[in-house]
Amino acid sequence: MAVRMLYFAWVRERVGCGEELVEPPAGVTTVAQLVDWLAMRSDGHAQAFADRGRLRAAVDQAFVPLDTAFGSAGEVAIFPPVTGG
Amino acid sequence: MAVRMLYFAWVRERVGCGEELVEPPAGVTTVAQLVDWLAMRSDGHAQAFADRGRLRAAVDQAFVPLDTAFGSAGEVAIFPPVTGG
Amino acid sequence: MIRVVVDREPIDVAAELALIEREGAGAVASFTGLVRADAGAEGAVETLELEHYPGATEAALRTLADEAVTRWSLAGATIVHRVGPMRAGERIVFVGTAAPHRGAALDACAFLIDRLKTDAPFWKREVRGGHGTWVEARDTDEVAARRW
Amino acid sequence: MIRVVVDREPIDVAAELALIEREGAGAVASFTGLVRADAGAEGAVETLELEHYPGATEAALRTLADEAVTRWSLAGATIVHRVGPMRAGERIVFVGTAAPHRGAALDACAFLIDRLKTDAPFWKREVRGGHGTWVEARDTDEVAARRW
Chain A
15 MAVRMLYFAW VRERVGCGEE LVEPPAGVTT VAQLVDWLAM RSDGHAQAFA DRGRLRAAVD
75 QAFVPLDTAF GSAGEVAIFP PVTGG
Chain B
15 MAVRMLYFAW VRERVGCGEE LVEPPAGVTT VAQLVDWLAM RSDGHAQAFA DRGRLRAAVD
75 QAFVPLDTAF GSAGEVAIFP PVTGG
Chain C
253 MIRVVVDREP IDVAAELALI EREGAGAVAS FTGLVRADAG AEGAVETLEL EHYPGATEAA
313 LRTLADEAVT RWSLAGATIV HRVGPMRAGE RIVFVGTAAP HRGAALDACA FLIDRLKTDA
373 PFWKREVRGG HGTWVEARDT DEVAARRW
Chain D
253 MIRVVVDREP IDVAAELALI EREGAGAVAS FTGLVRADAG AEGAVETLEL EHYPGATEAA
313 LRTLADEAVT RWSLAGATIV HRVGPMRAGE RIVFVGTAAP HRGAALDACA FLIDRLKTDA
373 PFWKREVRGG HGTWVEARDT DEVAARRW
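Residue numbers (this note's numbering), protein chains in the order written: chain A, 15 to 99; chain B, 15 to 99; chain C, 253 to 400; chain D, 253 to 400.
The following block holds chain A by itself, in its conformation from the complex (with noise of 0.2 angstroms):
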């Protein structure tokens, strides 16, 4: 089932791109996951996503934790810790 993947800030600037429609494959189930299969598809990729620790996730929008499953999520994004206000 594809995935639109948002992607903002740094991580947006890394991996090249805001937004792409991904299909992951069927063991890819939590949001960690997702993210390690997708750091295989460039260098850029990769980069964005070396530093798990400084990486946060939204799950159709609301903020989960790496380990979330994302279950059938049109929308997951993809982001540093949030530095607004």
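For the record, the hints were derived by calculation from the structure and aren't laboratory data.
No experiment lies behind these values; they were computed from the predicted model shown.
Possibly wrong hints are sitting among the right ones.
Claimed, not checked - From the structure, some residues in chain B lie toward chain C, with a derived Cβ separation under 10 angstroms:
hint	residue
1	Phe22
2	Cys31
3	Gln61
4	Asp65
5	Arg68
6	Ala72
7	Phe77
8	Pro79
9	Ala83
10	Phe93
11	Pro94
12	Thr97
13	Gly98
Beta carbons are placed, not taken as given, at the ideal position from N, Cα and C, and that holds for glycine.
Take the given structure of chain A and dock chains B, C and D to it, following the hints.
Coordinates of chains B, C and D only, in the frame set by chain A:
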């Protein structure tokens, strides 16, 4: 020595004026004694100063407890607890 | 910048904020106290009258502003208090603080309004149904002022 | 009144305060975050760029505003956050709260800006000397958000 008395809020209303020049006798040295002495000037003064617990004072514009000696102060103010802001 | 104003004119909050924002700090906090139109047992407040002790008022507010600027290393502190008669919805008091970071600006703003309530010689008189009543000081204000 | 705005346009603080004052509450608190022009080791900030997660941002801010209104029985809560490029001295964020009494307005205002810092998907990029750097999240923000 003459002292300029100032009254505010309901103290002013009960006394009947906002300001008066008084010459307290020698034995009157603290603000509390000054109030006791002033209370004898009129029914209005007596009413204004009846409830000592609800009176506050300033000597030469500085807030002080009622048992403070006013010394050679030129200005003594008597008023209710403040309610600004 | 320390700015203390006691005036019978309406408070221009936009102008006050613009002045304090000009200090170049990253954080600006403000508090505005307004005449509430709450309908108590005796009906809604028609007019609020603010009496004060000219001279002593300005000195007390300046002392508070000085203390806040020193304690929280503020870039600016503004206190504007209106006196005289005012109506429901009008502004009674404005406190503004500017600091490099938000914690200092927010704490200093709360400090200033808490301490102003107990340390500055203002007295409120509410007129409801044509009848004036002096507002009683509240014990909770003493508690709030003492926490600083 | 709950008002949440995420926009590329400059924030009109006077208009926002006027809106929240109209709720008729006695106490209005506000916080404004501005682009500081502080000269760090790499020189002064020329431009600050704010990126956000459209849709998720508005939802996160609305959740925070709802929580504040419920917890402090607010008459109103406003959050306005600017996005896109901005220069030194310009406003990044405005938070306004209205309540019957000052404690609620001040606490809710501090809560909103503290939690916004950790709970809303915004990212800051500073441009100094033509060179852009993503701002690092600060541990102190986590501490401030957790106290509520």
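- prompt: Hint by hint, which ones does this structure get wrong, listed from lowest number up?
  reply: 2, 3, 4, 8, 9
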